[in-house]
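Peer 1: Dock chain B against chain A, hints included.
Protein chains in written order, with my numbering: chain A, 229 to 575; chain B, 5 to 226.
A hint or two may mislead.
Unchecked claim - Covered, in the sense of this in silico footprint (three residues per stretch, anywhere, with C-beta under 8 angstroms from a C-beta of chain B), are these stretches of chain A:
{"#": "1", "stretch": "233–245"}
{"#": "2", "stretch": "295–309"}
{"#": "3", "stretch": "370–376"}
What the hints assert, rightly or not - Label pairs and their calculated CB-CB ranges:
{"#": "4", "chain 1": "B", "residue 1": "Glu222", "chain 2": "A", "residue 2": "Gly351", "range": "42 to 50 angstroms"}
{"#": "5", "chain 1": "B", "residue 1": "Asn135", "chain 2": "A", "residue 2": "Pro334", "range": "16 to 24 angstroms"}
{"#": "6", "chain 1": "B", "residue 1": "Asp119", "chain 2": "A", "residue 2": "His348", "range": "20 to 28 angstroms"}
{"#": "7", "chain 1": "B", "residue 1": "Asn135", "chain 2": "A", "residue 2": "Asp391", "range": "28 to 36 angstroms"}
{"#": "8", "chain 1": "A", "residue 1": "Asp494", "chain 2": "B", "residue 2": "Ile36", "range": "46 to 54 angstroms"}
{"#": "9", "chain 1": "A", "residue 1": "Asn377", "chain 2": "B", "residue 2": "Val213", "range": "47 to 55 angstroms"}
{"#": "10", "chain 1": "A", "residue 1": "Lys240", "chain 2": "B", "residue 2": "Val72", "range": "50 to 58 angstroms"}
{"#": "11", "chain 1": "A", "residue 1": "Val469", "chain 2": "B", "residue 2": "Ile36", "range": "56 to 64 angstroms"}
{"#": "12", "chain 1": "B", "residue 1": "Asn135", "chain 2": "A", "residue 2": "Phe247", "range": "53 to 61 angstroms"}
{"#": "13", "chain 1": "B", "residue 1": "Asn135", "chain 2": "A", "residue 2": "Phe242", "range": "40 to 48 angstroms"}
{"#": "14", "chain 1": "B", "residue 1": "Asn135", "chain 2": "A", "residue 2": "Lys341", "range": "17 to 25 angstroms"}
Simulated from the structure, these hints should not be mistaken for laboratory data.
We treat Cβ as the ideally placed atom computed from N, Cα and C, and that holds for glycine.
Spelled out, the chains give:
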Amino acid sequence: MGLTVDIKKQIKDFNLDVFFDAPIGCTGILGASGCGKSMTLKAIAGIITPDSGRILHNEAVLFDHTKKIIQKPQNRKVGFLFQNYALFPNMTVEDNIYSGLLKKTPEHTKQVKDAIERFHLQGLEKRYPKMLSGGQQQRVALARILVCNPQILLLDEPFSALDAYLKEELQLELRELLKGFKGSAILVTHDRDEAYKLCDNLMIMEHGTVIAQGNTKEMFAFPTNYQTARLTGCKNISKAVKLGEHRVKATDWDMELTISMSVPDDIQYVGIRAHNFNPVFGKLEELPNVFEIVHPETVYGPFEENLIFDARSGAHIWWKIGRDQKGIQSDLPKYLSVDPKNIMILN
Amino acid sequence: MDISAILISMKTATLSILITFFLGILAAKLVITIKREGIKSILDGLLTMPLVLPPTVAGFFLLYLFGVKRPIGQFFVDFFSIKIAFSWGATVLAAVVISFPLMYRSARAAFEQVDENILAAARTLGISEWNIFWKIQLPNALPGVVSGGILAFSRGLGEFGATAMIAGNMAGKTRTLPLAVYSAVASGDMETAYTYVWIIVGISFTVVVLMNYFGAKERKKR
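Only chain B is shown next, with the shape it has when bound in the complex:
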């Protein structure tokens, strides 16, 4: 068994959830602030696309944008000398893009569920919009936001299709656990596949149970 797949997966999932968590919250905040219904639903559609597209198609678009000879990929190579496609960074990119809609949608639903009167009361008390968001709206939406984070983390950990497209399947470099399972099965090494599968199940289950535990503790307080 190659332990590198576990390390790569953990690194990828951790970094990508950090990025997704904040991007998702910001996007949700942005969308609920928009007043024009038309623009709102178009933006919502765009932000949700990676969830409804087959991951290989999302990966195809990523390759189209971030490939070395492609506009964004070229830009990164020219100005930062960074090659994104088929590097470890590409596994993070794929995980972020695919898990983002889950985070964004959960956060948005959680924000919209916060009682309008509470926000209006905060405004009449003279509290600034910035403080209302960070001290009132976000804390009161936290259970929903956190469960969105769990979903996004699990989805990022399990990401396969888009990762294969943009990052490839290079052992020790871009081979995450799901890709390692695939490779093991493809080469008939069921023993290794079992090990990887149990590791993934173990990590995912632990994360969900831990989050539920802390969520329940938080709810009891109020």
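For reference, chain A alone in the conformation it holds in the complex:
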């Protein structure tokens, strides 16, 4: 059940080659811009046609190259939320919501009225999209999509055009909406917080292919490769060489590290999340993985502080200073240590 996508498409130098299943629930696609995430959504919706492969949804074939089946976008029962919401500028809010319903029957009129209430658009019915705020535009776009009863929901960077404060409020609203949605939803984003908050499952895309996928929480807790670690927000990554069963050399930092997990022979990188350093004030002996703080530089955010210091090799290392580690601010520690179980092995 759900959505199965297995497609290839070449556009100039770019090769899209993706294969994945999106079960019922929300699946996130996380990737840098230009990695092919939006293109994948467009292929599912039928806005672009892949060169080969197939797209299946439950029992329905949306696209099958070998069987020469290409369903029109009109027949795919897909709701597509565009980055710029793509409201029709020549129609009022009400007419925009009506647009997907073919006739103005009493039943449709009621549906539109309900949608206007559900998305808090009362009083805006006769306005044109240009007169609405970004958040209101997104609500109109969602209302317009949902009155058509889609079975697949495709969300293309829905929050990238919004202010930070509006963003969080609308994320909550979308979370509620996704909870009540009975089909497959795919959310494309380059924002890891968004992916973490909204998606049950997560895929990482790079250069047109899916390089990792799995349960969102697990992907953040145990990233398996370099790109996943980077995209899930790991600040410190170094090339690594195996020294022993639990010993590696982090070559970028010129450090030897102890790891709880057993080290595979083909280890390529190790990663340490910025919040996983512990300050050392007392004795250094017996502590594993001790970093000396050299040339520290503090970067203040509104609610957090980051200390950036040099590793032995001169490479930068980020330490996110936690609230409970406060008190050290006036008196910086000279050393930090890392618990061996907090060092991630990456490929």
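Peer 2: Using the frame of chain A, we list chain B on its own:
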């Protein structure tokens, strides 16, 4: 002063803009729907030719096709008993052919400027291609389409070269305002020429200002 030139010009310009407006929109829609780049650019070239050819050359081609002894002209005479060349209809034909590319090109540019995402969104909402064109693409391209219409109307009103070739310069029959200006100057009647010139300037200016006014009103709404 002969008032017939004004009447003929108004009739010709009005009928020809009606024809040009719809032909131009249809041609633009047809060309943007074509996917093969080669065919697209050849068709575009053909449709733009009347704009880049000297009007007398365009008129020459028209005469070549629509002359009484020529294939299309002969056909009309045989089946409908209509003589096109050197009739009032020929002034409309000339104005349509010459003003068509302006309409076609403006409409095409206006259609292509409509956000692709809007059209894609309409498709995923299940709206048919026909409704997408008439209810979304055309209304959103309207300012550009209308300004193309103004240009085409003005060009049709001012048409001289092709009209002279295919319709001739017969007073009271095919003599439009531009031809009347020419005839007046040629016969040394500057007084009449001035009158015609001011009438043309007046009509053209009024049309452009009116269209701008309505265009601005339309834009304010959105």
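Peer 1: Now, for every hint given, state plainly whether the structure supports it.
Peer 2: Now for the hints, and whether the structure bears them out:
Requiring three or more residues with a Cβ within less than 8 angstroms of a Cβ of chain B, the coverage given for the stretch 233–245 of chain A is violated, as only 0 such residues are present. For the stretch 295–309 of chain A, the proposed coverage by chain B is satisfied: 8 residues have a C-beta within less than 8 angstroms of a C-beta in that chain, meeting the threshold of three. Residues of the stretch 370–376 of chain A with a Cβ under 8 angstroms from some Cβ of chain B number 3, which satisfies the need for three, so the listed coverage holds. Hint check: Glu222(B) to Gly351(A), Cβ distance near 24 angstroms, so the stated range 42 to 50 angstroms is violated.
One distance hint, 16 to 24 angstroms for the beta-carbon pair Asn135(B) and Pro334(A), holds here, with the actual separation near 21 angstroms. Our hint of 20 to 28 angstroms for Asp119(B) and His348(A) holds, since their Cβ atoms are close to 26 angstroms apart. With their beta carbons about 35 angstroms apart, Asn135(B) and Asp391(A) fall inside the hinted range of 28 to 36 angstroms. Restraint check, Asp494(A) to Ile36(B): a C-beta distance of roughly 53 angstroms satisfies the suggested window 46 to 54 angstroms.
Distance hint check for Asn377(A) and Val213(B): the Cβ-Cβ separation is about 49 angstroms, which falls inside the suggested range of 47 to 55 angstroms. Distance hint for Lys240(A) and Val72(B): a CB-CB separation of about 55 angstroms, consistent with the stated range 50 to 58 angstroms. For Val469(A) and Ile36(B), the Cβ-Cβ distance of about 58 angstroms falls inside the hinted range of 56 to 64 angstroms, so the restraint holds. For Asn135(B) and Phe247(A), the Cβ-Cβ distance of about 36 angstroms falls outside the hinted range of 53 to 61 angstroms, so the restraint is violated.
A hinted range of 40 to 48 angstroms for the beta carbons of Asn135(B) and Phe242(A) is inconsistent with their spacing of about 33 angstroms. Here the CB-CB span from Asn135(B) to Lys341(A) is close to 23 angstroms, well matched to the stated 17 to 25 angstroms.
Checked against the numbered hints given earlier, the structure breaks hints 1, 4, 12 and 13 and satisfies all the rest.
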